[in-house]
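Asker: The lines below spell out each chain.
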Amino acid sequence: MPRLIDCADEGVLSLAECADRLAGRGFDPLDEASLHEAARDLRRLGNDPHFLGDLLVADLERGFGADVAEGGGYGPQVIMLADPGGDSFLRANIWPAANEAVLRASGGDAFAFGLPHDHNFGFLTLGYFGPGYRSDYYTFDYEGVAGWTGESAHLKFVERGGLGPGEIALYHAHRDVHSQIPPEAMSVSINVMHMSAAQGWFDQYAFDTGVGTVARIVSQGPSEVILRMAVALGDEAARVLAEDFGRHHPSDRMRLAAWDALALGEADSAGREAVWRRAEASGNRLLAGEARRRLALLAA
Amino acid sequence: MRIDPALAALRADSSPVAAQSGAFDDALARWREGPAARPVLDDVARYGEGAALVRCPALARACGDGAARFAALALAPLVAAMRAGPLGQPRLVCSSAGAIHRLTLGASGRAALSLALVDGDALARGRKDAAPRAVFQPGDTHLVVISGQAHARVVRLSGGDLRRRHVRAEPLRLGAGDRLALDAGCEALDLFDVRGAMLTLRLHRRATPAAPIGEYDLDTGALVHQSAGNPRESRLALAAALAGRMKRRDALPALARLARCDAGDGLRWQALREALGLDTAQGFALLLDVARSEGDPLAPTARRLADDLRARHPALAALEEDALCPG
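Chains as they are written, first to last, in our numbering: chain C, 104 to 403; chain A, 73 to 399.
Chain A on its own, in the form it takes in the complex:
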């Protein structure tokens, strides 16, 4: 990296960056509390708690006819802050990956409101290099095009199993003002011809209970990548695994509760397996409990594991009898 003298000076004294970033954050705070944003962000909070979008009128307007104005009023003060303080960085969640740049304007509960900018040339290059993929994130997604044009398709997953789904596609053309409402667990927007750049406003509310996020190859319907639908689940799954490796038997009560809670199957199964590893008797009792739970999506898997363990460790039968007849 070329280190400009102005940047080199920051190594000895970074206070200009702190000051300019503080001014940036002040501008962001003024926007958040202002009449253009406050009602929308309050509605994001309500929507994130489960309110219907029709009961969040400011948010509904921002995700409809008011999108361009909402975005303009959000970005203008931030641009002014950049001009006044070129070294400042605001505290905003953003990402730049491949052809897409994202900026989260508000998030609360299960909902997030974000701007997304698609670089059409980068998108086209990416599609030449690899089969198209799409991420299916269970929940509701509302999307409105603020600027730009694209050829696109709504892709829908159906049938099959987790590892391979059927993919159907419905072509469409998008331009400024167009809106989409997607059942994001099985529908996604696949852009493939963006003229220059496309700017959209996206509102997403993840489903409850959280279901895994799947990335699928749109040519084959094959599952490429999967992650937990709720970041807390991912954290707890890792924590459960590590507690197991650390042989923390004091984690057993918590693991038992997690195995029975309304979290995703991934976390529940991880907790159950770690409980089995920490204490055979308690873990096997927990496994049997899940195996016998009518309607529990983990029950068939738990039954198979219980059968396998019984076959390999006949002594478990005694534990099973104890569990049935503790007296």
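Next up, chain C with everything else stripped away, as it sits in the complex:
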């Protein structure tokens, strides 16, 4: 489960100072020195109880009609605190309590509550405001799963816990799984997120903790969608590329997308069955597992 970082410091950094320090120094969650320096900067940012409220008031004053770029691709609960720089970025997350009108209206899914998942990036998180959300924590062996839907993930339940006010924790990429529960009162966490150009090729999963299986790969990229669409459109170059990617791409997720594209390009179920039989025979665990599942569904 996440590792609590002991990091007492009374100093204060402004948001700009904290962002500059992180961008200048970089953040590597696997390097102890880097980890502790980033944690200390996060602590110092968190020691200012007013900065986030100042940002909120400024945004409210901009009003509804303002032309404001929202979220950086995230939902409304995420506040990007600084432009991404180098190998990290800073963000704040708002976690509404169960009795908040915004949660009742939108539902828990909109705030990632009740959706067990891992992360394909490591990150530090600070309990900045409020009692903090709680989570059911699990661990799993990332390289031990292939990632097909329904595959046993051998999740190990660790505990139900939370990030209390002022606490800092490190979430380990590809190891810590959590299912978040709304806090007792509205809360905010601030994250230092590690980012790498390559992280998108390391799969992130959603899990079904009721039966302990992989529910789906959640880190699909645009190229997988493009390939499916181009093959469906009848683009011959795309079909040839899908045949190649299905066998040789370094990412098994892309190999699966390629076979899916080829199957979607077939007009009838017999054609799709033939595609999935070829995938099943490929010798690749993800493809074989997913192909068996698709063939069973076709036969049902």
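Be aware that a few hints might be false.
[To be verified] Just a sample of chain C residues kept apart from chain A, beta carbon distances all over 10 Å, derived:
#, residue
1, Ile108
2, Leu184
3, Asp239
4, Arg278
5, Met296
6, Arg350
[Claimed, not checked] Here are some of the chain A residues that sit facing chain C, going by a computed Cβ distance under 7 Å:
#, residue
7, Ala78
8, Ala90
9, Pro158
10, Gln161
11, Leu175
12, Ser299
13, Ser306
14, Arg307
15, Ala311
16, Cys333
Hints in this document: simulated from the structure, not taken from any laboratory.
The beta-carbon is built from N, C-alpha and C at its ideal position, and this holds for glycine as well.
With chain C fixed as given, assemble chain A onto it according to the hints.
Answerer: Chain A only, in chain C's frame:
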């Protein structure tokens, strides 16, 4: 996940991904500036500002007879970039959820132009597991089928109240070239028998002022899920709530303006409630102002809340008198 040696090497040096993604973005930029896309994307901008579709001829063509060619010319250079750089990922908004894959090709103002691919087998499985639902997103939707065939129905909501509407359905068959124009606040397309896959091009312009997006159970007409019609509204509603919890009284003037602006009722009501929580006098005055506003959709709710508060806190009557007779 099986970590291929080629991916493992990226942990030490991710520059190949950055380089190939950069090449992908270059291909995307060339397409955007090229003759096939530029006029269409310029029209998306005009349409997103409120222009009629008839005054956006390139966009109208792309959403009609020109859809297949537009999609082909968009996807071909991206496929070429994938072949040249298998580890690249372009900067495009996409989603894959259940049976539907979406790719946004252009967005500006209130408008978005997207490709959507429906996986027929996954769609059929989903319909076996749960009652059909549809999302009603106020605004105009134009849809053209590029490839594939389906049995479908146009479902229409009417009457009832927000929580439960009447549902009527009109069956139809769709194939390549077919087009639909939907009043998306009360009409939606429900696909239920897609042969293989169906690829469509979808143009949506959200309504102004923004109205909530509702997801409804098509068997019962029950509201299943609701969200703000404008992402900015959702953000401001959360910001208002958090400012209230943080006891930021300096947010009061902004909250008062939001309670009176032309945003959706959800945001306005959230702002009003937070103002009440931060300052009884100012918040109650704001509540009364809304309660007395002729034609304001929040007025009845505000009146009920004012009556309830007066009954529970008689001292508020004094505040009300002060508001009426400040001198």
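Asker: For every hint, state whether the structure bears it out.
Answerer: Comparing the hints with the structure gives:
Here Ile108 of chain C stays apart from chain A, with its beta-carbon at least about 23 Å from theirs, past the 10 Å limit. Residue placement check: Leu184 of chain C keeps its beta carbon more than 10 Å from all beta carbons of chain A (closest about 14 Å). No Cβ of chain A comes within 10 Å of the Cβ of Asp239 of chain C; the nearest lies about 22 Å off, and the non-interface call holds. Listed as a non-interface residue, Arg278 of chain C keeps its Cβ farther than 10 Å from every Cβ of chain A; the least gap is roughly 12 Å.
The non-interface label for Met296 of chain C is consistent with chain A: the shortest C-beta to C-beta separation is roughly 15 Å, beyond 10 Å. Look at Arg350 of chain C: its CB is around 12 Å from the nearest CB on chain A, clear of 10 Å, so calling it non-interface holds up. Taken as an interface hint, Ala78 of chain A checks out: its beta carbon lies about 4 Å from the nearest beta carbon of chain C, inside 7 Å. Of the supplied interface hints, the one on Ala90 of chain A holds, with its beta-carbon coming within about 4 Å of a beta-carbon of chain C, less than 7 Å.
This hint holds: Pro158 of chain A has a C-beta 6 Å from the nearest C-beta of chain C, less than the 7 Å allowed. This hint holds: Gln161 of chain A has a C-beta 5 Å from the nearest C-beta of chain C, less than the 7 Å allowed. The interface hint given for Leu175 of chain A is met, as the beta carbon of that residue sits about 5 Å from the closest beta carbon of chain C, less than 7 Å. Evaluation of the Ser299 of chain A hint against chain C yields a held restraint, the C-beta minimum of about 5 Å falling below 7 Å.
Evaluation of the Ser306 of chain A hint against chain C yields a held restraint, the C-beta minimum of about 4 Å falling below 7 Å. A cut of 7 Å between beta carbons decides the hint on Arg307 of chain A: the least distance to chain C is about 4 Å, and the hint holds. Here the hint on Ala311 of chain A is kept, as its CB sits about 5 Å from the closest CB of chain C, short of 7 Å. Given the 7 Å rule on beta carbons, the hint for Cys333 of chain A holds: about 5 Å separates it from the nearest Cβ of chain C.
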